[in-house]
Amino acid sequence: MLFKKKKGKPDLRVLFVTDVHGSDVCFRKFINGAKAYDAQVLILGGDVAGKRLSPLVRNGNGHFEGTLGHNTIELESDREIAEFETAAADSGLYTYRTSPEEMQAISSNPELLESVMEKLAGERLVKWLELAEQRLAGTGARLYVNCGNDDPFSLDQIIEDSAAATFLEGRVVPIDDSRFVASLGFANQTPWDCPRDIPESELASRMDATLEGWSEEQGTLIFNCHCPPYDSGLDTAQQLNPDLSIVTEGGQPVAGPVGSTAVREAIEKYRPTLSLHGHIHESKAATRIGPTLAINPGSEYPEGLLRGAVIDLDGSGVSSYVLTAG
Amino acid sequence: MEQSVASVPEDATAPRLYTRKSSGLVREISATAALMGSVCIINLPIAAVTLMLLPFTFPGASMPLSVLLSLIPSAILGGVYVLFGIMMPRSGGDYVFNGRALHPAIGFAANFNFVIWNLLFAGIEGSWISTVGLSGLFASVGSLTGNHWWTTAAGNISKQGVAFGIGAVALLIVAYLLTHTARALKVMKIAFSIGIAGVVITLIWTLLISHGTFVSNINHVSSYKGIISSAKKEGFVEPSSWHSFSPTISGVALVSLVTLFVMFATYTGGEVKNVRRSIPISIYGSLAIGGVVFLLMAFAAFHSMGSEFVASTQALNGTAAYPFASEPTFNLIASLGSGSTVFAFIINIGFILLMISNMIFTQMAMNRCIFAWSMDRVTPDKVSQVSSRTHAPNWAIGIGTAGALIGLAVFTFTSFSTFLGGTTLGFLFTFLVTGLAAVVFPFRRKELYEKSPIKPTIFGVPLLSVLGALSILAIGAIAYAYFTNATFGSNSARAYGVFLGAWVVGFIYYGAVRLIRKRQGVDLALAATTLPPD
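From first to last, the protein sequence lines are chains C and P.
When the letters of the first sequence are read in order and numbered with the working numbering, they come out as residues 1 to 326.
When the letters of the second sequence are read in order and numbered with the working numbering, they come out as residues 1001 to 1534.
So here's chain C without its partners, still in its complex pose (with noise of 0.2 Å):
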């Protein structure tokens, strides 16, 4: 409510931000929101992997050409080559450099276009973690990371590997002396079949997995589930047809929820304090489900702006949040 009190003094604060897919210039502001939003912890709620490639193809006259926005562009320099993967990686595309042979190749192989966009999905996210780790050393933060549904599962071992992360994925983390975080990065079934789309029974399994052994005396639990509860206003998405069209109604596009039940339930069932969620990129919402303040800050990596949550934390609970667009 606008007039309600202010709780107890705050003495954590958690940025918390999804579905960067990509994006470069989404990661560094992550990064330094650290500083500049005065965050202990920083949480990467999934999706980091980005959808796009752009091959860059040389030329008959040995020069690159590549597609950026509804654009192509022929590069003759090394600087607009740079400034052209710049460009690329800010929005979330994945450039690589290529012959037409390989361009035929990749093109008539949707196997092999999918392992080039691993390699290279990888590739930035060991890149990220290397930043990650120079910017915030000696600052005290503390950088959680997890895969969401899109995220390829050889990114895994990349953050659990990193000595600048700690990887989310199906566990109780501590994120201080008396703060849990319980992860889990699967969505209920996509119509696109992500590589970590299952059905809700198996969701719900997982779930209940990760809190085999929880109890509340351990201390302040906080969810961070990629997908957001069902019917809960932070999974509200347009209707699909069986084409993937949009259904429209008087020329609107008519949304609704498509979250998932398992992890509705599983906010009714164990209670957390916090609920943090990604998934659906134009669904920024804020709710309580019982106790729980569950929060999706919604996405727009695509234009490099950073949407977030900052999350202040007393002993009990949730002291405030501000939904940042940086």
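Calculated directly from the structure, the hints in this document are not laboratory data.
Predicted, not measured: the structure shown is a model, and the values here were computed from it.
Backbone N, C-alpha and C define an ideal beta-carbon position, used for all residues, glycine too.
Some hints here could point you the wrong way.
[Unchecked claim] One-sided and incomplete, this derived list gives chain C residues near chain P with beta-carbon spacing under 7 Å: (1) 28; (2) 51; (3) 54; (4) 69; (5) 303; (6) 312.
Fit chain P to the given chain C structure using the hints.
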């Protein structure tokens, strides 16, 4: 989820964007659907009022030319919203643009001003259902059939209490419809489709009949020449020409409101469409359709009715010599001139349905603005809650409806705000701020501008800045016309106070909320803190 941006050229070795299998890749929304999504905002009910005021307010004005020229500021402003909408494809329209380009407080105050005037306008439309729509229907049927029951009913239904009651019921019905978005959109689509069909059929008929036939039909219910001569006795002076430059230009301000709001597409659901395609189609398609229908209305008024006759009906309105039982709006005069009760029903019901579809669209857009404020924690958190049953933002709908009911009461029972001086000029100030935001955005928020999917330039200058500057000139000229012409009722100390007051309240509210939130430990300044990437 997001949309697919994949393109598939014929040549497999050519550079292209590849998209891996990932969530959110959907097919583009069709051009027809995109257009339907915003065409309902074309405000022909306003046209029915303002067009008929034009030759009386500005004697000598050419109705078709004023209407044609009024499309220019709409096209320029539409261009600003098209580019902003593509660069920042999120619901909320200028609340988002101005907040990011200028300052969150300015973004809120400008949007608050826009919402306040829109809620007032929603109330006005509620009133028009009686005073323009139903009254026009009853008056024309009464005159055409000679049945006094209809004529008496036309007078009764325009009375303050009745108009308020019917308007309030209409607003509550709209609110009920909005609690289920799909249902509201379906009703809006049906109402608009039938309404626009009725208006176009009548327009074609009105354009096809000769001026002589129109005069003859008017003579069956009154006296065409008698109305003109009575107006002259009341002091109306016929101009030497109905194609004079100066009144035609001045008249642009009067009729501009009809198509100025085609930018509403950016308020609703921008994030779920292929904005590069759907926003230009929505805004310019609506402008083209609205412009053509409005021009047809102007030609019909000019060609069949005659400017002198139209001006004379306005001159007599409110006097004992006025022969009809309802205000001299386009729907009334066209109905009488058609000589047919069938056409009277078609055109008047058409306009009533257009009012209803417009009310739904307007309220839906305003609700989304109020909802967006709440998501930024500028209003109580409750406002951003959606119904678990219908998924509609019921609190936002309730606030919007309460505001519209207040607008209806103010418009019906007080002279506090006239339609012309109030709503039009009130809106313009938000547009002026958006123009300023467009001018500075490429330079002030360079890091966001550089990430934009399109950055068109003219002679090296960002097109957004150029259109922003042009929109300031165009909208500024309209504002100047309002401030310097007593006819509009805007050049008074009270009017200045109201216009300024909406902004002052917006700024004070935002400042107060920031302080309250800070006491709660919520620092709203964080919400818009720009994060350095390096």
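Going down the list of hints, with the structure as the test:
Interface restraint check: residue 28(C) against chain P, minimum CB-CB distance 4 Å, threshold 7 Å, status holds. Interface restraint check for residue 51(C): the shortest CB-CB distance to chain P comes to about 4 Å, inside 7 Å, so the restraint holds. With a least beta-carbon distance of about 6 Å to chain P, the hint placing residue 54(C) at the interface is held under the 7 Å criterion. The criterion of a C-beta within 7 Å of any C-beta in chain P is met by residue 69(C), whose closest approach is roughly 5 Å, and the hint holds.
Restraint check, residue 303(C) versus chain P: the minimum CB separation of about 5 Å is within 7 Å; hint holds. For residue 312(C), the shortest C-beta to C-beta distance to chain P is roughly 6 Å, which falls under 7 Å, so the interface hint holds.
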